[in-house]
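A.B. asks: So the sequences go chain by chain: A and B. Everything in the first sequence is counted per our numbering, starting at 7 for the first residue and increasing by one. Everything in the second sequence is counted per our numbering, starting at 306 for the first residue and increasing by one.
No lab work stands behind these hints: they were computed from the structure. Note that the Cβ used here is the ideal one computed from N, Cα and C, for glycine as well. Some clues are possibly wrong.
[To be verified] In silico DMTMM-like pairs for lysine to aspartate or glutamate, Cα to Cα no more than 25 Å straight-line:
| id | chain 1 | residue 1 | chain 2 | residue 2 |
| --- | --- | --- | --- | --- |
| 1 | B | K684 | A | D49 |
| 2 | B | K420 | B | D549 |
| 3 | A | K93 | B | D917 |
| 4 | A | K93 | A | D46 |
| 5 | A | K134 | B | D549 |
| 6 | B | K684 | A | D65 |
| 7 | B | K420 | B | D339 |
| 8 | A | K134 | B | E573 |
| 9 | B | K888 | A | E117 |
| 10 | B | K684 | A | E59 |
| 11 | B | K684 | A | D46 |
| 12 | A | K134 | B | D832 |
| 13 | B | K684 | A | D66 |
| 14 | A | K93 | B | D339 |
[Said to hold, decoys possible] Taking CB as the label site, the calculated pair distances span:
| id | chain 1 | residue 1 | chain 2 | residue 2 | range |
| --- | --- | --- | --- | --- | --- |
| 15 | A | W85 | B | Q830 | 41 to 51 Å |
| 16 | A | W85 | B | E851 | 21 to 31 Å |
| 17 | B | V367 | A | R116 | 30 to 40 Å |
| 18 | A | R116 | B | T368 | 18 to 28 Å |
| 19 | B | G727 | A | V34 | 36 to 46 Å |
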Amino acid sequence: MSDSTSTAPPGGLTAKQRRTFLVGSVLVALLALGGIASVDMSDNLVYFWEPRELYAAGDDAYGAQIRLGGLVKEGTLNWDEGAQELKMVVTDGQAEVTVHATGAPPQMLREGIGVVVEGTMTREGVFKTDRLMVKHSNEYRAPQEGVATKELYKTVEGLE
Amino acid sequence: MISLIGRTLVLAALGACAVGAVSGFVGGARRDADALRITRFMANAFGALMVAATLLMEWALVTHDFSVSYVAAVGSLSTPLHITLVSLWSSLNGSILFWGCVLGGGTLAFTRHVKEHDPQHASYALGSLLSVGLFFAFLVAGIANPFAPTEGLIPTDGPGPNPLLQNHLLMIIHPPSLYLGYVLMAVPYAMAAAALLAGRLEATWMRLLRRWMLFAWAFLSLGILLGGWWSYEVLGWGGYWAWDPVENASFMPWLTATAFLHSAMVMERQGQLKGWTLTLAMSTFLLTLLGTFMTRSGVFNSVHSFTQSSIGPVFLGFIALVLIASVVLLAARLDALTANDKATEDGVVSRESAFLLNNLLFVAFTFTVLLGTLFPLIKEALTEERISVGEPYFNRMSLPVCVGILFLMGVGPSLPWGNTSGARAWSRLRLPLRAAAAGAVLGAVLQAGPWAIATFAGAAFALVVTVHELLEPAQARVSSLGESLPKAFLAYAARARQRVGGYIVHLGVIICAVSIAASSTFKVQRDLPLAVGQEVAFEGYRLRFEGMRTETEPHRTAQVATVAILGPSGTLGVLEPKMNHYKQMREPIGTPAVRSGLKEDLYLSLVRVSADGATASVRAMVEPMVAWLWFGGLVMFGGALFSLWPRGRAVVASPSAAPVDATVDAAARPAK
């Protein structure tokens, strides 16, 4: 089967030509695909920002999909069971963002805990989200308090 | 004591690997029978030692020997035995040991298989396989040594494994299945490398290669499916796939392996695409290495990345090494393989073309997933900015490809090998096209989106072709031999295992595609605040919150919400979503409750409970046809196993099978 040899028929392609054609078409296809993909990807990026970085981004922040990470500021957590609406302030120690979330917050949510919320920043200065994740200890042991917020992104787990 | 013995076993395995790898390459280059004997001995020794080391670790876990650091890290006296047994893969170091164990088992089986094959191929393949083994034995012996003795005081009890992994029985079978799939891709890689090194690729070698790939593919498929199922049953967000980097990591080698299985058919039949097929086999292994790196080095956050470890750079180095070796091999030796390719006279409308297009789609799919997965990593490395690529990207890129693949599943089998006229092809496709139209109309009536409609159409199209291909030969027997249809089908299926198995896999894919389209299109989700005794209506159900209770087990306590489910004609049952509190953890972990049915699943997940237990928030979802996804996945797995099942022996002695073929088949059986 595979070792049978025959000469190229008139009009047919030789093995070498065929391979060149194959490799060439695959490369062209992948290049085209890469172009489409990178355009599509840039429309669908999710930024991992802390409040400080969110403000630093200026106008770029509005409308972008953002994962905002920080700690729930003490005394700001407010859960309205009837309206199923949650309000809180997320801080990174330097800047603060008011967050409005819809849906029931996870059981473990409380003040002082690290959270990551995914959503968008409105012009009114309120961060709207319907996806709230609570910091979870990565090693599955009692976590220490006051972990750097960069680390937060690696340790969220969640009710998504 | 166990630390010492374990370390010794691993070091011995490392030594066996090193000697075996060198003698394998030397034996291959010099065609030296003595060197091959040494290689085979070393390969067997490596396999046995790796398995022995793993069994020893299991022993340490079961006997709670906390003087072993790994046991101290994941063991706990209060953990049930079956969870203790699977703690082997619940943390980094143990999982690398398990990797080595699976590779060891695979090496043992493969060493038996190559006995009847060309000695030069066998030498090179074992040499390559042991080189991979060398790396993993090195990890287990050094950086990721699970046998390291516990530092300081030996604890009397440990924290137990990650509670998420204790929550469901699927966690016991998902990892080993995925590991079998991942790790055994090393064998096709080694075989492809051997063919390139030897500069020859015979039909028998290719056949063994393909069967190993199919075996690994079957378990990779099962592992991915079980992972999705676990995520659905345990994580409480009601989904099974989120284009998470870790999921992508397992999906990419699956894509290239699938492409390989198709191009291998073209190669075996037509003698074409040798270099391309080997490239796919090698890429698959590279992608499994990349996947292991992504899941184990902690570059991504997920349930799978255990901790920040120093394993990452070493792993990257190894991937680079394998990549360079593969590219050099392919560049240098490809011509030797393709020189005797049969020149083609295939027409454009032929099965080969369909396979080629299939391969292009699969590779394109892999490429887009790879881009979306690696882009955030590269971006962060360059700019320190953390981003991720959102799900919409993956969905948008993959949907057209998936629908294309679905349609090709119908087109390919309808076309004959070689050449055909457009008119003939058209006549064969008329019925499937009508089915496709019916599928599209159904989708439109159900008010599905355009992609779901296309998926239903493609599924109906492929389904008609697949059923036709399965039944046509049986019907021929019915009319020529006068057998009954079931008997004729079984007799035929027993002979044409590979073909029938392949079409069964296609059936599974079609079922999965429909299920995914239906469950993602028609899913309904709502958060319901409930007070005890309150009844709310949700998607044709009425849910009544009966109250909370507490269950206590040795390793956890659970808050259980009892929700009665009422349908139009009375009580349908009770769902009890839970919130589990583990001793070692501050945060609770939920366990959703699912009422599964052929039509749809009702999914309840407990989000929060008030302190007095009088009110609770429940996330309720209705997802149509999810159960079909698990069923379709099992059909795929079953089809692959059917295809692999050895012919001959007792049950069906096929008179038409050539004796040579039968021995190859027996030899090619990947595992006991």
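A.B. asks: For each hint, tell me whether it holds in the structure or not.
C.D. replies: Against the structure, the hints come out as follows:
Straight-line distance between C-alpha atoms of K684 (chain B) and D49 (chain A) comes to about 15 Å, which keeps the hinted pair within the 25 Å bound. With a C-alpha separation of about 42 Å, the suggested pairing of K420 (chain B) with D549 (chain B) is violated against the 25 Å cut-off. Between K93 (chain A) and D917 (chain B) the alpha-carbon distance is near 23 Å, which keeps this suggested pair within the 25 Å criterion. Pair hint K93 (chain A) plus D46 (chain A) does not hold up; C-alpha atoms about 33 Å apart against a cutoff of 25 Å.
At most 25 Å may separate the alpha-carbon atoms for a hinted pair to count; K134 (chain A) and D549 (chain B) meet this at roughly 23 Å. This hinted pair checks out: K684 (chain B) and D65 (chain A) have alpha carbons roughly 21 Å apart, not beyond 25 Å. Simply put, K420 (chain B) and D339 (chain B) have alpha-carbon atoms about 14 Å apart, close enough for the 25 Å limit, and the pair holds. Restraint check for K134 (chain A) and E573 (chain B): the C-alpha separation of about 57 Å exceeds 25 Å, so the hint is violated.
Proximity of K888 (chain B) to E117 (chain A) is assessed by CA-CA distance (about 22 Å); at most 25 Å being required, the pair is judged to hold. In summary, the hint linking K684 (chain B) to E59 (chain A) is supported, as the alpha carbons are separated by about 17 Å, within the 25 Å threshold. Only pairs whose Cα atoms come within 25 Å are accepted, and K684 (chain B) paired with D46 (chain A) is accepted, the gap being roughly 16 Å. Straight-line distance between C-alpha atoms of K134 (chain A) and D832 (chain B) comes to about 17 Å, which keeps the hinted pair within the 25 Å bound.
Under the criterion of a C-alpha separation no larger than 25 Å, the hint pairing K684 (chain B) with D66 (chain A) is consistent with the structure, at around 18 Å. Only pairs whose Cα atoms come within 25 Å are accepted, and K93 (chain A) paired with D339 (chain B) is rejected, the gap being roughly 75 Å. A hinted range of 41 to 51 Å for the beta carbons of W85 (chain A) and Q830 (chain B) is inconsistent with their spacing of about 20 Å. One distance hint, 21 to 31 Å for the beta-carbon pair W85 (chain A) and E851 (chain B), holds here, with the actual separation near 24 Å.
A hinted range of 30 to 40 Å for the beta carbons of V367 (chain B) and R116 (chain A) is consistent with their spacing of about 38 Å. Range check, R116 (chain A) to T368 (chain B): Cβ separation about 40 Å, and the 18 to 28 Å hint is violated. The given range of 36 to 46 Å is broken by G727 (chain B) and V34 (chain A), whose C-beta atoms sit roughly 26 Å from each other.
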